[in-house]
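Based on the sequences and whatever the hints tell you, model everything.
Protein chains in written order, with numbering that gives the first Met the number 0: chain A, 0 to 373; chain B, 0 to 91.
Accuracy of the hints is not assured; some may be wrong.
Unchecked claim - Restricting the straight-line Cα-Cα distance to at most 20 Å, the calculated cross-link-like pairs of lysine to aspartate or glutamate (EDC-like) are: (1) A/K13 / B/D73; (2) A/K1 / B/D54; (3) A/K251 / B/D73; (4) A/K105 / A/D72; (5) B/K52 / A/E253; (6) A/K251 / B/E55; (7) A/K152 / B/E34; (8) A/K1 / B/D40; (9) A/K152 / B/D31; (10) A/K13 / B/E67; (11) A/K13 / B/D66; (12) A/K251 / B/D40; (13) A/K152 / A/E267; (14) A/K175 / A/E243; (15) A/K251 / B/D54; (16) A/K13 / A/E220; (17) B/K52 / A/D54; (18) B/K52 / A/E5; (19) A/K13 / B/D40; (20) A/K152 / B/D13; (21) A/K152 / A/D119; (22) A/K42 / A/D54; (23) A/K73 / A/E241; (24) A/K1 / B/D20; (25) A/K1 / B/E72; (26) A/K251 / B/D13; (27) A/K251 / B/E57; (28) A/K1 / B/E55; (29) A/K1 / B/E59; (30) A/K1 / B/D73; (31) A/K73 / A/D110; (32) B/K26 / B/D40; (33) B/K26 / A/D119; (34) A/K289 / A/E264; (35) A/K312 / A/D54; (36) A/K251 / B/E59.
To be clear, the hints were calculated from the coordinates, so they are not data collected in a lab.
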Amino acid sequence: MKYVSEFRRGDVAKALAAEIARLATVPMNLMEVCGGHTHAIFKFGLPSLLPPTIDLIHGPGCPVCVTPRDKVDKAILLARRPDVMLTSYGDMLRVPGSASSLMLEKGRGADVRMVYSPLDALRLAEQHPHKRVIFFAIGFETTAPSAAMAVLKAQAQGLTNFAILSNHVLLPPMLKAILDSRDVKLDGFIGPGHVSTIIGTRPYRFVAERYGKPLVVAGFEPLDVLQAILMLARQLREGRSEVEIQYTRVVKPEGNPVALRALGEVFEPCHARWRGMGTVPTSGLRVREKYAAWDAEALYPDLEVTSEVADPKACECGDIVRGAKKPWDCRIIGTVCTPQTPVGACMVSPEGACAAYYKYGRLHVERQQPTPVG
Amino acid sequence: MCLSVPARVLAVHDAQWATVDVGGTSKRIAIDLVEGVQAGDYVLLHVGFALQKIDEAEAESLLALFDEMVQAEDQALAASPVTPSPPGRGPG
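Here it is, written out as structure tokens:
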């Protein structure tokens, strides 16, 4: 398939890996921010191509994984209302709230529907005028413009039974929180490819200029990730800290101004709580008052959920999502916590680090030194 | 959430809608977020919306760079008398 297969060539992967090995003669701790990158790294077996000096640390770029339990509880309360149809992306359906999940509620008779796009939710609202169709809006800046467009289209159509429950979060404030956190030691970042398609690279300048860490925005095919690692290794060897774009075929330094305008029209920043990181200032998006008629928070202000619902003690998602621990550090991965019986969101979401580790068979700590071939 | 796929534009219906081919399936998608979309363009498709056009020139340029790297690596291996051991941790 064009723009896919060319970026998966094995001979190129070997050439990139050889060049990385030549450059990475000292330890380099690189965080891949985005859950899609975590998944790509394991799906294509990239760690086995990299020298032992490179440690890939998985960051909190999985919007499903960082959704706190009480947000899921809110969606559940709405779903239980007989006048509501709760629509959601598939990966949120099995995320545990404090006592249930949207999937379980569906089993108990709630009208919960999986959708691929906010446009599907819009269509359902058109088809079901007697129900309030609420769209559980999750995702970073990649996805928020699409939710914004859904609200604008609802307004243009005069649709009064459509609303979104906004749980969008912003990536650059999260990066700052990671950089300020003392227990994660990082040398550079593999930057999120599709968030950057929207926001461009200017929002990351503080990473290089104030914190002195290089950041390379990477695509999601294996050759993209390898080339980004190569570009980071080169920067570290040359003592540079810059924001670079590896994914030049879709990421422009200015991002997508049309999408940013739509996002800014419908949403405004707010404080948001992230699972495992607590409150990160101005890291969330809420619907502007102008669009209150399409904002589930404004339409249902009295939803009572316990805030700060803690994860079960054994669940290490909080530390894993920040990169402070690896999935194999968790005592319950693969035993109590599996994709069929997830305890934490890192296992439920296909982009979660734990789901990736489980799927690709990395449940045990690997030796840091390569076994001598003899 | 980061999941986006390349899609080829088959037809543009108006400023808001187009039909694309994604992996052999045709699909109606929203193009409100990208200006100047034309039939034959490739776009990045995410939750039913085009997010950006794929810059073919940039893609070609990167693939050409990859070809050069492979050639350089092949030449380096041919010139070296000892087969180097592969980098990495072994079976991962």
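These are the hints, each one checked on the structure:
1. With a C-alpha separation of about 10 Å, the suggested pairing of A/K13 with B/D73 holds against the 20 Å cut-off.
2. A distance of roughly 13 Å separates the Cα atoms of A/K1 and B/D54; the hinted pair therefore holds under the 20 Å criterion.
3. Restraint check for A/K251 and B/D73: not satisfied, since their Cα atoms lie roughly 33 Å apart, outside the 20 Å limit.
4. Taken as a hint, the A/K105 and A/D72 pair is honoured in the structure, with Cα atoms around 14 Å apart against an allowance of 20 Å.
5. Annotation: proposed proximity of B/K52 to A/E253 holds, straight-line Cα distance about 14 Å (limit 20 Å).
6. The hinted pair formed by A/K251 and B/E55 meets the criterion: a straight-line CA distance of about 13 Å does not exceed 20 Å.
7. Between the alpha carbons of A/K152 and B/E34 the distance comes to roughly 17 Å, so the proposed pair stays at or under 20 Å and holds.
8. For the hint linking A/K1 to B/D40, the alpha-carbon distance of about 12 Å falls within 20 Å, and the restraint holds.
9. For a cut-off of 20 Å, the pair hint linking A/K152 to B/D31 stands: about 10 Å separates their Cα positions.
10. With a C-alpha separation of about 13 Å, the suggested pairing of A/K13 with B/E67 holds against the 20 Å cut-off.
11. Among the hinted pairs, A/K13 with B/D66 is consistent with the structure: their alpha-carbon atoms are about 12 Å apart, no more than 20 Å.
12. With a C-alpha separation of about 17 Å, the suggested pairing of A/K251 with B/D40 holds against the 20 Å cut-off.
13. Straight-line distance between C-alpha atoms of A/K152 and A/E267 comes to about 18 Å, which keeps the hinted pair within the 20 Å bound.
14. A C-alpha spacing of about 18 Å is found between A/K175 and A/E243, which places the hinted pair at or below 20 Å, so the restraint holds.
15. A hinted pair counts as satisfied when its Cα atoms are at most 20 Å apart, and A/K251 with B/D54 qualifies at roughly 10 Å.
16. Taken as a hint, the A/K13 and A/E220 pair is honoured in the structure, with Cα atoms around 14 Å apart against an allowance of 20 Å.
17. A C-alpha spacing of about 33 Å is found between B/K52 and A/D54, which places the hinted pair above 20 Å, so the restraint is violated.
18. With a C-alpha separation of about 18 Å, the suggested pair B/K52 and A/E5 falls inside the 20 Å cut-off, and the hint holds.
19. Between A/K13 and B/D40 the alpha-carbon distance is near 31 Å, which puts this suggested pair outside the 20 Å criterion.
20. A hinted pair counts as satisfied when its Cα atoms are at most 20 Å apart, and A/K152 with B/D13 qualifies at roughly 15 Å.
21. Distance check on the hinted pair: A/K152 and A/D119 sit about 12 Å apart at the alpha-carbon level, within 20 Å; holds.
22. This hinted pair checks out: A/K42 and A/D54 have alpha carbons roughly 17 Å apart, not beyond 20 Å.
23. Under the criterion of a C-alpha separation no larger than 20 Å, the hint pairing A/K73 with A/E241 is inconsistent with the structure, at around 41 Å.
24. Proximity of A/K1 to B/D20 is assessed by CA-CA distance (about 11 Å); at most 20 Å being required, the pair is judged to hold.
25. Note on A/K1 and B/E72: the hinted pairing is violated, with a Cα-Cα distance of about 25 Å set against a maximum of 20 Å.
26. Only pairs whose Cα atoms come within 20 Å are accepted, and A/K251 paired with B/D13 is rejected, the gap being roughly 25 Å.
27. Simply put, A/K251 and B/E57 have alpha-carbon atoms about 11 Å apart, close enough for the 20 Å limit, and the pair holds.
28. For the suggested pair A/K1 and B/E55, the alpha carbons sit about 11 Å apart, so the restraint of at most 20 Å is met.
29. For the proposed pair A/K1 and B/E59, the alpha carbon gap of about 11 Å is at most 20 Å, so the pair holds.
30. Annotation: proposed proximity of A/K1 to B/D73 is violated, straight-line Cα distance about 25 Å (limit 20 Å).
31. For the suggested pair A/K73 and A/D110, the alpha carbons sit about 15 Å apart, so the restraint of at most 20 Å is met.
32. For the hint linking B/K26 to B/D40, the alpha-carbon distance of about 15 Å falls within 20 Å, and the restraint holds.
33. A distance of roughly 13 Å separates the Cα atoms of B/K26 and A/D119; the hinted pair therefore holds under the 20 Å criterion.
34. Restraint check for A/K289 and A/E264: satisfied, since their Cα atoms lie roughly 9 Å apart, inside the 20 Å limit.
35. About 27 Å separates the Cα atoms of A/K312 and A/D54, which puts this hinted pair outside 20 Å; it is violated.
36. A hinted pair counts as satisfied when its Cα atoms are at most 20 Å apart, and A/K251 with B/E59 qualifies at roughly 16 Å.
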